[in-house]
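Participant: So the chains spell out like this:
Protein chains: 6
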Amino acid sequence: MFYHDRQLQYKVRVEKPNPEFAKLLQQAIGGVEGEIRVCLQYLFQAWNSRGPQKYRDMLLETGTEEISHIEMLATAVALNLEGASTALKEKMAASNPLVESVLGGKDPRHILSAGLGAMAADSNGVPFNGSWIVSSGNIAADMHANVYAEATGRVLATRLWEMTDDPGMKDMLSFLIARDTMHQNQWMAVLEDLGNVHPIPNSFPQSQENQQFNYTFVSTNINQEPSPHTRWTEGPSVDGKGTFTFMHAEPMGGMPDLSKPDPLTHAQTE
Amino acid sequence: MFYHDRQLQYKVRVEKPNPEFAKLLQQAIGGVEGEIRVCLQYLFQAWNSRGPQKYRDMLLETGTEEISHIEMLATAVALNLEGASTALKEKMAASNPLVESVLGGKDPRHILSAGLGAMAADSNGVPFNGSWIVSSGNIAADMHANVYAEATGRVLATRLWEMTDDPGMKDMLSFLIARDTMHQNQWMAVLEDLGNVHPIPNSFPQSQENQQFNYTFVSTNINQEPSPHTRWTEGPSVDGKGTFTFMHAEPMGGMPDLSKPDPLTHAQTE
Amino acid sequence: MFYHDRQLQYKVRVEKPNPEFAKLLQQAIGGVEGEIRVCLQYLFQAWNSRGPQKYRDMLLETGTEEISHIEMLATAVALNLEGASTALKEKMAASNPLVESVLGGKDPRHILSAGLGAMAADSNGVPFNGSWIVSSGNIAADMHANVYAEATGRVLATRLWEMTDDPGMKDMLSFLIARDTMHQNQWMAVLEDLGNVHPIPNSFPQSQENQQFNYTFVSTNINQEPSPHTRWTEGPSVDGKGTFTFMHAEPMGGMPDLSKPDPLTHAQTE
Amino acid sequence: MFYHDRQLQYKVRVEKPNPEFAKLLQQAIGGVEGEIRVCLQYLFQAWNSRGPQKYRDMLLETGTEEISHIEMLATAVALNLEGASTALKEKMAASNPLVESVLGGKDPRHILSAGLGAMAADSNGVPFNGSWIVSSGNIAADMHANVYAEATGRVLATRLWEMTDDPGMKDMLSFLIARDTMHQNQWMAVLEDLGNVHPIPNSFPQSQENQQFNYTFVSTNINQEPSPHTRWTEGPSVDGKGTFTFMHAEPMGGMPDLSKPDPLTHAQTE
Amino acid sequence: MFYHDRQLQYKVRVEKPNPEFAKLLQQAIGGVEGEIRVCLQYLFQAWNSRGPQKYRDMLLETGTEEISHIEMLATAVALNLEGASTALKEKMAASNPLVESVLGGKDPRHILSAGLGAMAADSNGVPFNGSWIVSSGNIAADMHANVYAEATGRVLATRLWEMTDDPGMKDMLSFLIARDTMHQNQWMAVLEDLGNVHPIPNSFPQSQENQQFNYTFVSTNINQEPSPHTRWTEGPSVDGKGTFTFMHAEPMGGMPDLSKPDPLTHAQTE
Amino acid sequence: MFYHDRQLQYKVRVEKPNPEFAKLLQQAIGGVEGEIRVCLQYLFQAWNSRGPQKYRDMLLETGTEEISHIEMLATAVALNLEGASTALKEKMAASNPLVESVLGGKDPRHILSAGLGAMAADSNGVPFNGSWIVSSGNIAADMHANVYAEATGRVLATRLWEMTDDPGMKDMLSFLIARDTMHQNQWMAVLEDLGNVHPIPNSFPQSQENQQFNYTFVSTNINQEPSPHTRWTEGPSVDGKGTFTFMHAEPMGGMPDLSKPDPLTHAQTE
Ligand SMILES: [Ca+2]
Ligand SMILES: [Ca+2]
Ligand SMILES: [Ca+2]
Ligand SMILES: [Ca+2]
Ligand SMILES: [Ca+2]
Ligand SMILES: [Ca+2]
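The listed protein sequences correspond, in order, to chains V, A, C, R, S and B.
Numbered according to this note's numbering, the first sequence spans residues 1 to 270.
Numbered according to this note's numbering, the second sequence spans residues 1 to 270.
Numbered according to this note's numbering, the third sequence spans residues 1 to 270.
Numbered according to this note's numbering, the fourth sequence spans residues 1 to 270.
Numbered according to this note's numbering, the fifth sequence spans residues 1 to 270.
Numbered according to this note's numbering, the sixth sequence spans residues 1 to 270.
With the rest of the complex left out, here is chain V (with noise of 0.2 Å):
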């Protein structure tokens, strides 16, 4: 169950509105790096776990944390888009329109449909989709989607930050990429946790995946160029199962030879 309090966790402050840097910080609240998506992904992750409890209890911590996170986004945007609609109406009233930009990298939702307010989108509009949400019912798996999730979470965070010189911002996301460190030091905590072992799922008994493919670097090269005497073609697997082989692809499987039609789905007859 849920609470709140009328407090933001870390302030929020804006000097200069941008409502093109408006525009931006959506990515971090609706897009597939943002909050949204970890905030709902954890939790997932938590209502759905079946043990150990210490982890269900930390999934639910943080995907707490994370709603959080989305509202310091959601009030930066607003802030950034103070005075936005007046200042838009007198360029729009001044310009020559087939000359001169006057929308440039606003988002016109942002006054349209939401009336100076954020939006559960992307920085380019498109709606938040719940299809990113991973809960795979395998904590390993769950945990390195997680590490990815804070990752280029992180990437985005710190691209925002050379964005903008308001020193609120700076501040916001000085704060925000720190999360970021915590929580990717936190999934990989947990995987540490779990001894790091692989292939994922640990549950599947190996003796069933195909022997002869299973440490084996396949190169698609056409010019059948030798080995790159890489980590990932020789040498003991990451793993530690397997030794690590090269080949050239081949193919095993022959022609495929599918039934001829069946004639109630109607395929065009010559």
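Keep in mind that the hints were calculated from the coordinates and are not lab data.
Since this is a predicted model, take the numbers as computed values, not measurements.
One or more hints might be untrue.
Non-contacting residues of chain C with respect to chain S, defined by C-beta distances greater than 10 Å in every case (computed) [claimed, not checked]:
{"id": "1", "residue": "159"}
{"id": "2", "residue": "194"}
{"id": "3", "residue": "216"}
{"id": "4", "residue": "243"}
Okay, derived cross-link-like pairs now, DSSO-like style, lysine-lysine, Cα gap no bigger than 30 Å in a straight line [claimed, not checked]:
{"id": "5", "chain 1": "C", "residue 1": "89", "chain 2": "S", "residue 2": "91"}
{"id": "6", "chain 1": "S", "residue 1": "16", "chain 2": "S", "residue 2": "91"}
{"id": "7", "chain 1": "S", "residue 1": "170", "chain 2": "S", "residue 2": "91"}
{"id": "8", "chain 1": "A", "residue 1": "91", "chain 2": "A", "residue 2": "16"}
{"id": "9", "chain 1": "B", "residue 1": "89", "chain 2": "R", "residue 2": "89"}
{"id": "10", "chain 1": "C", "residue 1": "54", "chain 2": "V", "residue 2": "16"}
{"id": "11", "chain 1": "R", "residue 1": "241", "chain 2": "C", "residue 2": "11"}
Glycine residues also receive a C-beta, built at the ideal position from the N, C-alpha and C atoms.
Starting from the structure of chain V, add chains A, C, R, S and B with the ligands where the hints point.
Facilitator: Quick look at chains A, C, R, S and B with the ligands alone, frame taken from chain V:
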């Protein structure tokens, strides 16, 4: 540039066609855990690669292999659908529709839209979505996305393996599971090659991130329970650059304060 | 800022796990009538609120409660799926796949993608979509969106209530239906507070709208039938600002006249 | 069954073509607040109507009118795009692309995909989505969806009206705003006709809903602040069937308790 | 501008309601091959038409007819759903849920979301998507899109015809199939009218296209098999403007060479 | 099975990087007219092909070539983005954000999400969607889908060619336009090979379609104007199997008559 062979990478046999299993296999084609996703993901990462060359090469090699996996699974879907429309029509004619299920767990579009062929969609018929493709411009972030993709992909393949007794299908899945083992190892090998450096991105100066919150577990539990003394609440951080601490969440950001609505947005007047 | 408790808002019991009911429950989680939608909708309305404070507070209170409803339903899905994969495997093995339905009304991704957990999707597996979140910057418009959301949400919940005989599920739904009753009343209370003023937005000067068509029912029926003498064709308008009239549709705009194609767009030449 | 006339319902003139305004107008065509949405929504409600006839008739009348609104707006988009590609090409050639914005706030697909015509998409180019169509089988719920649709639609139209100085566009929008006024009134007239009965659906026996939580405002604020004494925390409920009370949220559901993972789902073993 | 009649274009009778067939029919309403698609496609092509008038007129005529087809199919869905919820409830109550399929091939949202009505979605419940609407500004390209749409639409309708024995449904489909025959012919008649000129667009000077690759079949088969001597590898091209030749694919573009990462994007440093 | 070469199919040079043109090029990668679509479309048609072999082969050949086109365009996007982030940062710092457009016509996700690389999305950032892939099981329908795809693809490429003065980009587009010419011809060659038989599917007995409406142009114009005497209203039908006639639309289906609502769906009671 790309080439093909008329033969399959590995043999695809179906002893007893099963349209319900064809529906399940769609998840491995057009689902978020499926082969179209990894195929395009590795290829885009290769095409966008700004060095070193060995990583670009590897991504191109394996991205190309994944096309062959889509091909195998599409063939498997088509083979599992053979006879389905005739059988369905017979059952449709015989049934009392308000009592008996005819379509059952089949995908109706396998007949209606594809004429007993595979589709670029998941096991519920939801279309493949390009937003799943991760190519972030940061290779470590991308590799974590790849490990996650192969982890959930292998989890999916093992579940499909459990759901069938068809020896041809089990053999094909045994091959695909083996490849997922290798591919998980490959991406981890790149991460090892890169020094397993965290946090990602490692090019952002950590001195610029908030120093009070980058290694602190924030507990949002309302009951203010004490630290659980876990790997992620005390001791050295996994990245080796900090020390985990534990704190109870508290608001530091004050109440947000937005301006009054801009008249041009036509908020409600009271 | 947000907090949680490890306990649920209301008890969630399932006597007889039923994976088909788990599929139905997904509509109340990730469907357009579901709890993720109202949760994010109320929270975004709160975060974008530019006053008065009492409305922002209420939206934050109730948006937070809705997270707890997602949690309850996700738990209900997980409980309804217990035993499902074993049962399915047994049936899959025993079946004659061209004759008998095995998957039936189950969601295949509940096993394949979620490992017997809940997903951010509707009862057909279509992902939650951020475009459903309404936060328009006009509080009266938002409140109508909220009344509608709770009305369809309560309709959905009563249908789910009809579809189950499980006492635990009926009890949980009875609670959620009660909350929908309250929430419908809440949003109507805000509208009452606002004076139930129409048309929305009330800040646009009605003198600027076309005065011949703002209270006229336009009948597009080709047979030019006379007025049906209904509440919406005569008498005072519901907003109290006009008088309903009735007219037959007739074109006033003439034929549209577009220029010839621009050569740069490469229209077909004839 | 449907018919058309070659003429427009109302005149559509553009004095100064403005491709940026064409982009804004797309929100009123293919956006969530737009005319395709209301058109299909009213028509589906009519087609699914199971009585009384007068409501079906009205829905069909107005759903048909909305097609004419899509037509007007599509014409307005095409007129605003005239000259755009030539102007853009000239500017593209002259510009220093790393310094100067050429495309600005234009929708690139207006040239690339539509050849200077309108699209079934919103102002960010996000395609119209059928999930927005509400036809619930409960007429009161549908009418609230309709009031909300016309409220956000009218808010959108007033914002578009503010953003242009073109007299032709202002005149067209003045007509569409007037129609939104009427349509808001129409749907409210149906609700009045239905007795403004709440909660919706009124066919579910309220005795079956949880009696302790159907008129209680649940405060999720962690600080347990006292009741704000508002319209929604005390006094008679708006539906006239209960009395508002106020309580602080507390968990009643205990800790959820899911079973251990099913081995067939290949959760991680520890 | 548009008008309607209360009557249907053609009679819609259902002798034995069948909710599974209702699900199948959804493909013809909201699927990619369905009537909403062709309706909006022809109407947008008409509205965007920049001449000649006879094509605009025809598109408007037929686009209007398609609305009547959506109406017929929506009615057919509603009629096929009659009795479905009662039957389902009875079966739900009687079933042993882990063994027996209850929902089977029904669309759960037909009850949960639509209350036994039609939806703007396909046979898997995936919403209609505006990206399917083709209106390119080149009439020949549009006509090919239309021929394709009617071809797949007629294929779909014949499959639906095969899947039912209900005489009313067969009669309705026989009418819709006939209309698809006519509409295929109509769009081909326009192409004939336009001179069946290829390649499309015919306004681009072919002298500007690469002259070595515009009539050459490029074989990407790794085995460098000889030309198959088919219609598309030798002889005059179908457009009458070139001669087909055959070649084996070979790379002409060299290795791509991207710059090192820009520091501001925070790629990983090594 | 598939192979690759490290080299590109054709050279990709960019003299003056232009991030706005990079945005335009995305339409040719991930847009509905783009290369991912044709690539997957031809491959799925090949994989689902049930004969004859020569068509399967050709589809596989050309589907494989299209992967090389995605690669070329992705490379072109990356090259056009070089220098973009530094330039943008400088401009961002210098600008008065409420007055001047900085982002202009750039895609913000090119920096934020892709780190100056290509994405699987269109020119508005809308992700590629698998619903665009047509593989119907009827080869004539598929070929028309392919002609349409190459027609809109070539229209798009010529518009891109118009929008740039960069000689490298013009040269690359000149190659892609040439390939579109060839591919249009290829699919028409298959149709010629198949006898250009209509209507599609030709396997459905035309005697089963309604004989009064299969060659009749239905005019839905309310003004009942006389026949326009066009190619599609009189004379032999294009398929050679009927004679075009002209009629005014009239309703033949009567009024639809649905049952009263089922109580279990909780319609509103009055
Ligand atoms: Ca975060
Ligand atoms: Ca694979
Ligand atoms: Ca709720
Ligand atoms: Ca309207
Ligand atoms: Ca039709
Ligand atoms: Ca191509």
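Participant: Next step is simple, just say for each hint if it's right about the structure.
Facilitator: Results of checking the hints against the structure:
1. 159: Non-interface label fails for residue 159 of chain C: nearest chain S Cβ at 5 Å, not farther than 10 Å.
2. 194: Per Cβ check, residue 194 of chain C is outside 10 Å of chain S; nearest 30 Å; holds.
3. 216: holds (15 Å)
4. 243: At roughly 25 Å from the nearest Cβ of chain S, residue 243 of chain C sits farther out than 10 Å, so the non-interface label holds.
5. C/89 to S/91: holds (23 Å)
6. S/16 to S/91: Holds, because 18 Å separates the two Cα atoms, which is no more than 30 Å.
7. S/170 to S/91: At roughly 28 Å apart (the allowed maximum being 30 Å), residue 91 of chain S and residue 170 of chain S satisfy the hint.
8. A/91 to A/16: holds (18 Å)
9. B/89 to R/89: holds (26 Å)
10. C/54 to V/16: With a Cα-Cα distance of about 28 Å, the restraint between residue 54 of chain C and residue 16 of chain V holds, given a limit of 30 Å.
11. R/241 to C/11: Distance ~26 Å between residue 241 of chain R and residue 11 of chain C Cα, so the pair holds.
Consistency note: the structure conflicts with earlier hint 1 alone.
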